[in-house]
Structures are given as structure tokens and as C-alpha cells.
Amino acid sequence: MSSPAATSIGGGRAAARSITMPDPLRKLIRLLLGLVLAAVIWEGAVLLFGIRPYYLPRLSTILMAMAATPRAYVDGFLRTLAETLIGFASGGAFGVLTGVVFFRVRALREMIFPIFVVSQTIPVIAFGALVVLWFGNTLLAKAIIAFYLTFFPVTVNTLLGLETVDPKQVALMRSFGASNRQLLLCLQLPTALPQIFVALRLAASLSLVGAIVGEWFGDTTGLGVLLLQAMFTENVVAIWGALLAAALLGTGFYAVIAALERRLVFWSAEQ
Amino acid sequence: APAAELQKASLRLKWLPQAQFAGFYVAAAKGYYKAEGIDLTINPGGPNLLTENLVATGADTFGLSGGTDSVFAARDKGLPIVCIGVSHQITPFIFVTRKDGPVKTIQDFKGKTVTTWFTGANHVLTGMLAKEGIKPDELKIQPQQVSVTPFVDGNVDVVTATYYNEFYTIQSRMPKDSLKTFVAEDYGITFPRDTLIVAEATAKEKPELVKAFLRASLKGWKDAFSDPKGAVDTVMATAPTLDRAQQEFMLTEVKRLMTAGAAAKNGMFWIDADAVKTAHDFFLKYGVISKPVDLAAAYDASFIQSIPAADRLP
Amino acid sequence: MSRALAAPSLAFQRGILGAVLLAACWEGAARGLHLPAYVLPAVSDILVGLWSKRTILFDAAGYTLLEALTGYGLGCLIGIGLAVAIALAPALRTAILPLATAINSVPVVGYSPLILLWFGIGVSSKIVMVAMAVSFTILLSMLAGLDRVDRRAVDLMKSFGASRLGVLWRLRLPTALPLLLAGMRVSTVRSVIVAIVTEMLGAHGGLGWVIYQAVLQIDFVQVWSAIFVASAASLAFFGLVGLLERKILFWT
Amino acid sequence: MQAVRLPDPGPIIEAPQAHPRPEPLLELRAINKTFGSVVALSGLQASVAPGEFVTVVGPSGCGKSTLFNIVAGLEEPDTGGILRFEGKSCHAADLLGRVSFMPQRDLLFPWRNVVDNAILALEVEGMKRDQARAKALKMLPEFGLAGFEKQYPNQLSGGMRQRVALMRTFLFERGLMLLDEPFGALDALTRTMMQRWLLDVWQKYRRTILFITHDVDEAIFLGDRVLVMTARPGSVKLEQVVDLPRPRQPEIVTSPEFVRLKRTLLDAIEEESMKSFQSSIAQEKSQ
Amino acid sequence: MQAVRLPDPGPIIEAPQAHPRPEPLLELRAINKTFGSVVALSGLQASVAPGEFVTVVGPSGCGKSTLFNIVAGLEEPDTGGILRFEGKSCHAADLLGRVSFMPQRDLLFPWRNVVDNAILALEVEGMKRDQARAKALKMLPEFGLAGFEKQYPNQLSGGMRQRVALMRTFLFERGLMLLDEPFGALDALTRTMMQRWLLDVWQKYRRTILFITHDVDEAIFLGDRVLVMTARPGSVKLEQVVDLPRPRQPEIVTSPEFVRLKRTLLDAIEEESMKSFQSSIAQEKSQ
Ligand SMILES: Nc1ncnc2c1ncn2[C@@H]1O[C@H](COP(=O)(O)OP(=O)(O)OP(=O)(O)O)[C@@H](O)[C@H]1O
Ligand SMILES: Nc1ncnc2c1ncn2[C@@H]1O[C@H](COP(=O)(O)OP(=O)(O)OP(=O)(O)O)[C@@H](O)[C@H]1O
Ligand SMILES: Cc1ncc(C[n+]2csc(CCO)c2C)c(N)n1
Ligand SMILES: [Mg+2]
Ligand SMILES: [Mg+2]
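Chains as they are written, first to last, in the numbering used here: chain A, 1 to 271; chain B, 1001 to 1314; chain C, 2001 to 2252; chain D, 3001 to 3287; chain E, 4001 to 4287.
Hints in this document: simulated from the structure, not taken from any laboratory. Quick reminder that beta carbons are idealized off the backbone N, C-alpha and C, glycines included. Be careful, since some hints might not be right.
Stated by the list, open to error - No farther apart than 25 Å at their CA atoms in a straight line, the calculated lysine-lysine pairs in the DSS-like style are these:
1. C:Lys2247 x E:Lys4150
2. B:Lys1104 x B:Lys1222
3. B:Lys1077 x C:Lys2053
To be verified - Derived list of chain D stretches under chain A, where covered just means 3 residues or more per stretch with a C-beta under 8 Å from a C-beta of chain A:
4. 3106 to 3115
5. 3119 to 3127
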């Protein structure tokens, strides 16, 4: 964009930057350099301090073990990703929906919201058997656990966001003769969007937790399965392998949501 | 049989895929279940999942559950399940200590730190102690964690191990011949484990299905024992991150457990009524179950007995 | 005035109504459909079971809360300490923040195998797990709070001759409090759940351990009783910190 | 209490007396408005003739915004008051969508760019976006916004934001425009610029405008008539016709006639301000 | 460019020429300040005599706050400029803690009550809390805050908040007070009240004050001297001595001498405003 504002405000810095290279590329290179540096430190520290592989194996050992059975990690990654995405999407949609409903219907909110709160204090893992009983060993069952962990923060923040809508703006819209639907679509949801995205970022992490824990209820593929398998066979290298794959998935998904946020709620980034 | 006529069924294991369950995976891979008209899904177990529960509610058709102890407990709580076969004929647990350590006899357990699983192995330990006239509160019994490291590091005097799993790990991390083991059978106790179960309704309404399942499974196990490497390949196709050497060891040990005792004569999955009765009386005595269990209803040997002996012997 | 008093009590009544309706549906389903306990026990049975096992459950709750609270306290200290360190030495930010974000985006349960292997099956592994889960949330919310400070207010303090530490103590810390406390409130429930989940993977006691054992003993009434107790403990912890938050943040 | 008046400040008409023009566009009589125990307006009378530019001044909290909310249809006055619009008696709610209302702050939507903010009211009315945008684009230069159509509010200066808000109000073509302190948030210099510009635009479109302000200079500089409100409960204390020539030049603010009008109004306001200052100071919340 | 001057608006002194009083408290000569590619101040000269009340007006973004930041010690001017305080040449940083500075917004700490906000600077200096509070309590009535000492900022009106901020500044007893648009956020009527009150307080304490405002009426009403700044890059365009008698009465704003001064200043400002209006409008960010 070449708005006068943008050019004059950050003019000096932008110019200095553009001499080197475009911004995203620079960021990517910095990220890669950081990763390589971390890898070198890891490998070096294990060798230098003679850390027992039982506590921390060499990174190269872990990567080689992963390369030995790439399909297990790729399949696990994709499966967990699918569960995470479905749980996240449904939880996000349900969260926004309930947020709007609770905002509109106070009585419903006062009746159901406390139950939502209580539901979030229950450790899902405790009724894993019920989940299998009701939904079987399907991908859906895992997605439902991801959903369960995801929807609540979105409900809360949607509600919070909707409540920050300026009554003066509502009055303005009404003075234009706006209907409730127009009010919701043109004003209330956009106002709540930044708050909703804060919750979605959190939900991105939580849905992955849900998927992984869901896989502990008897399954054959997924990062959670790899993790559990490794834990009970005391295979530290495999634990680290599964952990690295989960880290990649978690960080990647979070980054995607954060990038989406920067795009969609561009207006609040300035604040 | 054509696919349309296949009957859907599932087998719930007690844990994640490993060589402990090799026969079932081999049977599935070689199409033995299909040949018997069953479209079988093998569902692994996990922490906080109970096979008896899932089979009783009909979520799964077949189950490879904890053992005779958990079958008693389930019947005691009124879960409508029936045991149709017993896999490990002798106690799969042993108690391991250091040869050069302070524990030479079971009497030396007194005052020592002993870790065990409170998932059944604890009953074996209490039984062994009782036979020697030791009360459980005379030693420090602690829940055993995932890892055997506390024992390897010398923080624990006696550790519980399965022959096929932890014992391997311990042996691989400590010098050979540095270990001493205590075996339940030496103290006159046998807890058969890894029981095959179905819901009462299945047993009653679909006896042919049960028999077909047993036939196919037996075939699978026979193949697994005759070609252990191939069986491990099959298991590792499902769980590729497993350690091959450990799985081969596991299969060897599992074969020993499955063909020990009465099975040596009667074949795999044999239900040894005497052993079951002994275990039952023991649990009743120690209050693990609240009232006597109708053993005839809980253990139905008719299915396994209906299969020709030759097909049962490995 | 009277309306202001009536409004929350109406909300409260509706909340109770919602809870009662849910319990009634549950009870009706369990009794009406003759669901066995291993599918879904009736609420009344759970409450009776809860009462009859109250000592065991109470002890277990104490055990779990001890782990959760200790881990929570530790996590808060670590989170706040790191945030303050970053605030005092901005150079640390580029080192700590990306690392923290990366570590934080991996689900805590992912670390549980390692933590159990490293710290054993006792309370210390639970405390470490809870501390990990809590400290990142606290670090991020505290940092967001510290960064929220108005530059002009900092300038004002400087013009009074205040040092970096003076600005931190008198301005930045109070400014960060609302976000910090919000993070602390959210972390309460999380700390209890993480303690329970870790207990289920191996423990000497606690609600997670009780649940694990109860499942194996096929005692689903006890499973649900323990879940009820866990939920009540989380809510109490949450409520307490929420109350504290409102007391401390009198100005918002 | 009566306003202290300097000799001959121009024709002054007492509040209860109706303005003598023939057919008022808007007429309010005996309007009361109570919020719980707070009486915001009490016995307010006023009328606005078509094409007139009426400014309203009064101490903070005296009920100016409440008056506007009633005329915009957002609040119903207490029963008993008379509200007439375009010659017909009506309820406040009937006015929703019939006057174009510009609230105290610009209230631009940060997620809409300049054009899309300007066409908000048209969209609500149901006009197609493309059509509305085309209409707005033609108006941009007049509002000093040419070339800025794709900018977002956070990229604009305060003065520009205010002009976007005004454009939104102008595009919502209704008989009466209500402007509630549109320049209140601007610094004094930008404000002066905006006043001149508003007069230019008004001169061209000749809409009827009711305009709230705190600034006496602004009230005189812009208005055909200035209404001074009493402290709460608000009513009209003084109606002051501003007989300065139009178009008004910036220099007029230091002209003797202007200064004389200012004196009259200041005295009236002073009295009311003093009344409400000590009480409001303790009670009014910041922000 | 020179200011357009009406005949005899009072003694006018050109910017580059130093003010003739003997020993200035603060003296700035050839001050430049550059932010990256933005030149905020260029060749600024000014001096303030002890006990003087100097007001500064100028278009938005011309560098007024930058000037204050330099004098408060928060920003260093570009090398080459001369900065003298109490007769000694010094760096800006040396002034940290030596002038009492009140920024554009009140910046009260919401977690401190009125008294504790007022004693903030004293606490930073190291004074015991009790002692500082006792000192502040004695001052409360004068600042119209008696009885409000235990209130928190969110319980105060805008005018009161501003008085607390002013009290904080007064309690930090330094030779020079810098007030950056202290009344900018207040509505016009409250603002008038605050101006009168500030003059009363100043009359009593006789501190040296440098005061930024956008409002020409305010600048004349308060100041001994008004500095008009040029558009960016800022420098002093005009120094206007205000020879109105003190104590100043509210009525003075419509007196002929006042109006004449206003005219002079308005013309000077107008020229600068026009210069910066079109460019600033495109560039200045809201808030
Ligand atoms: N919805 C409401 N509920 C209760 N009191 C209200 C409401 N709206 C306004 N008031 C009160 O009515 C009085 C008049 O408010 P109003 O906003 O109309 O004043 P105003 O003249 O516009 O003030 P300002 O100049 O500060 O904008 C105030 O005392 C205010 O507190
Ligand atoms: N830290 C900074 N970095 C870059 N530019 C700055 C900085 N501080 C001020 N500026 C620029 O310097 C110019 C003068 O700013 P300053 O705040 O001094 O103006 P001002 O006269 O106080 O304006 P206002 O009347 O709006 O308060 C502006 O263009 C501003 O954008
Ligand atoms: C028979 C048998 N019992 C326990 C363990 C070890 N173990 C202790 S807890 C746990 C997970 C959930 O049951 C596992 C596998 C074993 N290997 N075999
Ligand atoms: Mg108002
Ligand atoms: Mg400024």
C-alpha cells in the first residue's frame, strides 16, 4: 500500500529495510537460521556435556529414527491434523454461534453458561470410555474431544467482543433504520472479530491437545498414538520424535491462525 | 465368502499394537477372519479404557481383556461378559531384584521398597506374600510408573515386570546375570491373564461367529509362532516405530506363556478350570470380589472345545 | 437500586434452574433408559457414592490440589520472573519469546512422557507439568500487560527522575496486573486438569489416580464421583482467584 | 432565572414563545425525559424551520444528546410531550430512518474503508453496493477526500475522519440533519477549518441542520439561530437569532457584532454553567 | 514568511531576537530535532524569564510536544543547538527531574487515589509517604479537591482529573513547569472554569510556566507572552507580549484589546495552519 500515512510514518525504517530484501523472505531466513542454531546447540550440548540419551538424545539420532519410519510420522501427522482441523472448525463455529445466541437471549445465557463453565473443569480423559462408547474409534470421536476443548474460549470471547460494541454505534445503525440482522452482520460481529481471534489462537493449541488426548482412547494412527506407544515402551528417541512432529503441527497451525488474524482484523493490529 | 456376506465385528485389545497380540494381526493380514466370514476391525486399547466395559456395552464384539482377575471383577459388578478363552496360561508377571542386592528370599521383601502395578499385578504380589505369611503393610509397596528406570538406578529394591516387556528393558539396561527373579508359580499361585471375552448376548445369539473368530485367531497364532519374523513384520506394519528386537523377544515370551500349563496338552486359549477356580477362591478370600462368581456362567469353554484339538495346538 | 439487586438474583435463579434441568435430564435418562452404571450412572447414585467415599475422595482431592497449587505457584513465579526479566533487559526478548511461543504451541500432554520419565511418578512430575502449563500462559499475559504501558506515562515517570526499576515498580507492574490476573484466573482450571491427566499416566494418589483405579475396578460410580469432586475443586480454585482478582483490581 | 443581557444584542425571543416562521419542519413542545430518578429534560420547547441551521449550546450533562436521541427516534420522550415532524404529530420511533443523525464521535467502522463507511446508511437502506459506491465516489472531492477512498479510518487524521462521518450523514438524504458536537474531538485549529468547510457544503446542499456544540464561537459562526439550554433538567433558556451576513468570513469572529453576540450568550451560559459545575464535577464520570 | 500584522497590536518581537529581560531561566538557541527523515524542529530560539507565564500555539504536528520533551530531558536535540537552564549550558538529559512536566493527557494511575497520584513525583524523589501525603493534603482545598483525597481517578470528572494532574505537577516543586495542553480534553465550558482557576493558583505560587495550547483565547487569557510556532519544521514565528492587566477577569475575552490581540495571532496562525492543513491531514494518525 502506498498510503501517505504509511509512507511518511515509517518512511525511514522502511527504506532501510528495503535495501536488504523483502520482508517475508527476511523473516523466513531468520527463522531458518534460528532453527539451525537451535539444532546445533542441541547436538553440541548433548555431545559436549555427555548428556545421557535417556534424558536427551542427540537431535541427529531422533531425526534418523524418524527417517527410518517416515510413513508412521507422516500418517500420524496427517491424521492428527485432520482431527485437529475438524475439531477446531466445529468448535469455532459452535463457539461463535453460542456466543451470539447468549448475547441475544439473556435468559438462555444465564441458564446454560454456568453449565458450560462447569463442563470445562472436567478432565476429558476421565470419560474417554464414554467417548469410545458413544462415537467409537472414529476420527469423529477425536474431533469431538478437540471440539469440546475448543468451543468454550470462543463462546466466551465472542460474548465479550459483542459486549464491547459501542451502544452509540448501535444507536447510529438504528437511526439508519437497520434491522437486527443488519446490526449483527454489519456491526456486532466485525466488532467482536478481534476478540474472537484471540480465542481462536488459543483454540488452535487446544484443539491439538484434544486430538492427541483423543488418540489415547485406542487408535492406531496419530501423533498421540506414537507418543503413548513410545512412553510405554520407554523409547525416549521415539518420544522426542513424536514431540517434534507435534511441535511442528502445533506451531504451524498456530502460525496459520495468527497470519489469518493479521489479514482479517488488519484494523486492530495498529492499536 | 463374498464381501456382502461378511459380518462386521471388532476386537478390542488391552493395549496398543505389539507382538503380544501378533496372532490376531497375522490372522487379519492373511484374511483368515474374512475366510470365516468376519469383517474384523482390531481396536487397540489405551490408558483409562477398559475392555470389559466396551465389550459389555456392545461397543466392541470381542475383547482381549486384562485377565481372570478383571473377568471376575466385571462379573462381580454385573457386566454381562463371558470369557471364551485364556491366552496366558501362567502368570506373566515376575518380581525382579538385583542378585547382589539385599533381597535374597521373599522374606527379605520386608521393609524394602517394592513397586507394582495396581492393575492386577498387586494381587499376585499379595498372594505370594500371603503364602509366606507376610502382610502387605510390612513392606513399602508403591505404584509402579511407566518406566523401570527407578529400579535400574537403584532407587527401588523390587520391581514388577512382564516377561515379555519390562523384563526385556531391564535386561537390556543392566548386566546379564545381575538379576534375580521371583515367580508366582514357585509359590503355588497362578493368575492366568489376557482373557478373550464376548458379551453374553453374543455368546448366546451368535455362537457360530464366536467359533469362527476363534478358529481364525488360532490359525493366526499358529502362523505367528511358525514364522515369528513375519509376524513381527505384520505387527510393525501397524506400529512402525516399535523396536524390532524387542518385539521378537516379546513374541518368544508370549509363545511360552500361551503354550504353558494345560495349553501344552489342550492347545491355545484353553480355559483351565482348576486354575480359574484357584484364582477365584483367592480373590474371594482377599475381598477383591465381594461375592462368589458363577464360574460356569463366567467362563464358557464350549467354544474353544468345539474346535478340533489339532487346530488348537501350535 | 432494587432493580440492580433483583437482576443478579434472577440470573442466579436461572443458573440454578439450568443446573437442575440438566440434572433432571441426566437422572431421567439414566433411570428411564435403565442405563447401567458402566454406561452412565444416575446423578443420585453418583452423589450417594460421593458421600460414601468422601474420605477417599477428599484425600485424593487434597493430594491433587497440593500438586496443582504448588505447580501453579511455581508456574506463576517463573512466568512473572521471565516477563520481568524481559522487561528489564529487552535483549532477552528475542531469545526467550520465540522459544516460549514454540514450546507453548505443543500441547502440554505431549511433554508428559518425558516429564514422567525424568521426574518420576511422584508429586514432582505433576508439579513440573502444572508449572509448565501455567508458566507460559502467565509469561505471555504478563508480557502483554507490561507492554501495554503508555509510553507517555513512562516519559512522565522519567521526567520525575525515576529509574528503570522505579518505572517498573510504580508503573509497569500495576499496569500489567489486570492482564496478569486474568491469565492467573484462566490458569487455575488448567492446573487442576493437567495434574489429573498426569496422575492418570502414573501416580501414587490423587483424583486422577482414583479415576484410573476406579476404571480398572469397573467402579463407574466412583469415576463419576471423582469427576464431580475434581470439577468442584477446579471451580473453587477458579472462584477464589476470581475473587482475589476483583479485590486487587478495584480500579477497573 | 433570566439571562443577563447587554443592551441590544439583537432580537431575542423568549424560549416558551414559538419561532414565528410559518411551517416548522420539526416542532417539540413540553418534552420531558426521565431516566430512573434523573430528570434529563423538562418542558422543552423548540422548533426548526426548513433549511435553517440551528445550533444548541448548554452545560455538560444538560440533556443535549438526550434531545437528539429523541429526535433521531432512539429514545421515546415521557408521555405528554408533543413531537411534530413535517407537520404531522408522531412518536419518536416513527422518526427512525427519517432524520440523518451524526453522533458525538465519528463512530467510523475501522474495518470499512472511507467509501464503505460513507455508504453505510445507503447499504442499510438496501441500495446495491456498487450503486452506493458510485454515488459516494462522486461526492468525495467535495468532502476533501478525493484519492482517499481506499484508506481505512486508522490511516486518517481526526479532521478527515470527521468529514467521512459527515459524508455518511449527507449521503443519508433526509429532511433533517442532527449533528452532535461533530468537531468536539478536534483541535481548535483543525476545527476552524472544518467549520468553514461545513458552511461551504451546507451553502450548497441547504439541508436543515440542528447542531450541538460546546463552543460559543462555533455556535455563532455557524448558526442562523442559537439555542442556549439550561442546566439539568434541560429546557431552552434562550433563543438567539444570529443576524450575521452569509457567507461568513473567518474574520467575522473578531467583528464587533460577533463579539456582542458572544457576550450575550456567554452571560447566559455562564449562569447555567456555574449552576451545574459544582454538582456535575462530583458526579460526572470521566470518559 | 512573515505574519500579517494589523496596525499596532502591541509590541511584537521577531523570533530570532532574544527576549530583552536580563537573566532567563531557560534559553534555547538554534535547536534542531530530526526523527529519521522527519525534521520536527529547525532553528528554534526561545527564552523564558523567571516567574513568567509563556503560552505556545501552533498547528498540529509542528513540534510543540517535541520541544517540551527536550526541555523535560526526555529527548536530546540534534547536536549544535544550545540549551541553557538557570544560566548554565547543559544537555537535555541533565534536565531529567529538574523541571515539572505535565503531559498532554492527565496520565493518572488508576490504582492510586487522588492523594497518592498527587504525591507520585515526591515518592520518586524518595520522600517518605506520610510526609508527602501530609504535604498534599494541605494543598487539596486550593485545587478544589478537598474531601476527594480517597477517591480513585475513575470516580472523578475530567476537570477534577486534570486538577489532580496539575497538583502532581505543582507538588514536584521545580523552577520551571511545562504544561502540554492540560485542558485539551475538556469541553469548552469546563475549560473556561479551569483557566480561571489556574490563574488564581499561579497568582499565588508564581511559578514559571511554559504552556502549550491550541486555543488562541486560552493562550491570550493566560499568558504574559504568546509564542506562535511555524508549521513543521517548527520554529518560533512570532512572539506576542500580552499586556492585559492581571488579575484577568472572564469578561476580558470580549474586550477590544483582547480581540485585537486575537486578530494578530489568528492571522499568524492562519497562515501556518493553511500551510500544514492539507499535508498534515493526510499524514497525522488519529489517537
Ligand atoms: N440512558 C440513560 N440512563 C440514565 N441516565 C441517562 C441516560 N442517558 C443520559 N442520562 C443522563 O441524562 C443527563 C443528560 O445527558 P446527555 O447525554 O443528554 O447530556 P449532554 O448535554 O449531551 O452532555 P454532554 O455535553 O456532556 O454531551 C445526564 O445526567 C446523563 O447522566
Ligand atoms: N518519536 C518520534 N519518532 C518519529 N517522529 C516523531 C516522534 N515524535 C514526534 N514525531 C514527529 O514530529 C512531529 C512533531 O510532533 P509533536 O508531537 O511534537 O507535534 P505537536 O506540535 O505536539 O502536535 P499536536 O499539536 O498534535 O500535539 C510530528 O510530525 C510527529 O509525527
Ligand atoms: C499385563 C500388564 N499390565 C501392566 C503393564 C504395564 N502397564 C502399566 S500401566 C499400563 C497402561 C495401561 O494399562 C501398562 C501397559 C503391562 N505391560 N502389562
Ligand atoms: Mg452529549
Ligand atoms: Mg503535542
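Okay, the hints, checked on the actual structure:
1. C:Lys2247 x E:Lys4150: holds (17 Å)
2. B:Lys1104 x B:Lys1222: violated (39 Å)
3. B:Lys1077 x C:Lys2053: holds (17 Å)
4. 3106 to 3115: Contact hint for the region 3106 to 3115 of chain D vs chain A: holds, 4 residues under 8 Å.
5. 3119 to 3127: Since 5 is at least three, the answer is holds.
Going down the numbered hints, you'll see the structure goes against just number 2.
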